[in-house]
Amino acid sequence: MEFTILFLATALVMLIAWRGQRPLALGLFGAVLIACVATYLHHATDTLKLSF
Amino acid sequence: MTQARAITLNALSLYGVALVLAAAYAAQFILHELPCPLCLLQRILFAALAVGPILNIRFGPRPSHYAMSLLAAVAGTVASTRQVLLHIMPGDAGYGSALLGYHYYTWAPIGFIAAIVLLAAILLFDRQFEEDKAVLPATGGAFAQTAVWLVIALTAANVVTTLLECGFGACADNPVVYELLKRTA
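Going line by line, the protein sequences match chains A and B. Going by the working numbering, the first sequence opens with residue 1, and the numbers climb by one from there. Going by the working numbering, the second sequence opens with residue 1, and the numbers climb by one from there.
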């Protein structure tokens, strides 16, 4: 589910970058990037059989 | 490099991102290989690379926009390198099929590192950041607009396919079926 949300957030950031305000796009981009890193770290500390 | 030329290069980079996302879809739909969680994260970070160029086309080139793409590329390099290392042991068949001898997750760090090098190279050209006397279209012209909407459409499509694949729970480590389609079938 978290990946769906991350894709959705990225698409929204793109739309805001294209149609909305620049500071909002920059701020949301930062939030998405932090969420991506958090997702990576969360999975990287899990013991998974494959992929992570 | 003039501002107009920089914007054209930014539009070209968006076509590059679109190509990567389309290639990932080709593996998913033609070869029926569902992306693993780490593969999805790499796709997201490829898509995130596009935000900087979109801002450059809309507001004109700025170092901060390139910096955003650089950060996404570094994060993508870390994620994809981890997946390469997970399958580096002798005898490990890897995840998914190979394209031109390399798995997709091996192409990914090559792509992210290429993005870092290209971003550093384009940052060398200071003139793009000066006020340009040439009157530019507000949104970069049809070539750039098509690139922007193509990347946005592919990212939006990934929202739908990822929801179908993972459903409303955690994504499977080794997905073989679309969770939501399985439940409704």
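These aren't lab readings, by the way, just hints derived from the structure by calculation. Think of the CB as a built atom: it goes at the ideal place given N, C-alpha and C, for glycine as much as any other residue. One should not assume that every hint holds.
Said to hold, decoys possible - Some, not all, of what chain A presents toward chain B, calculated at C-beta under 8 Å:
#1 Thr4
#2 Phe7
#3 Ala25
#4 Cys36
Now for the hints, and whether the structure bears them out:
Against a cut-off of 8 Å between C-beta atoms, the interface hint on Thr4(A) holds, since the closest Cβ of chain B lies about 5 Å away. Interface restraint check: Phe7(A) against chain B, minimum CB-CB distance 5 Å, threshold 8 Å, status holds. At about 6 Å, the closest approach between the beta carbon of Ala25(A) and any beta carbon in chain B falls short of 8 Å, and the interface hint on this residue holds. A distance limit of 8 Å between C-beta atoms decides the matter here; for Cys36(A) the minimum to chain B is near 6 Å, and the interface restraint holds.
Consistency with the previously given hints is maintained throughout, with no hint failing.
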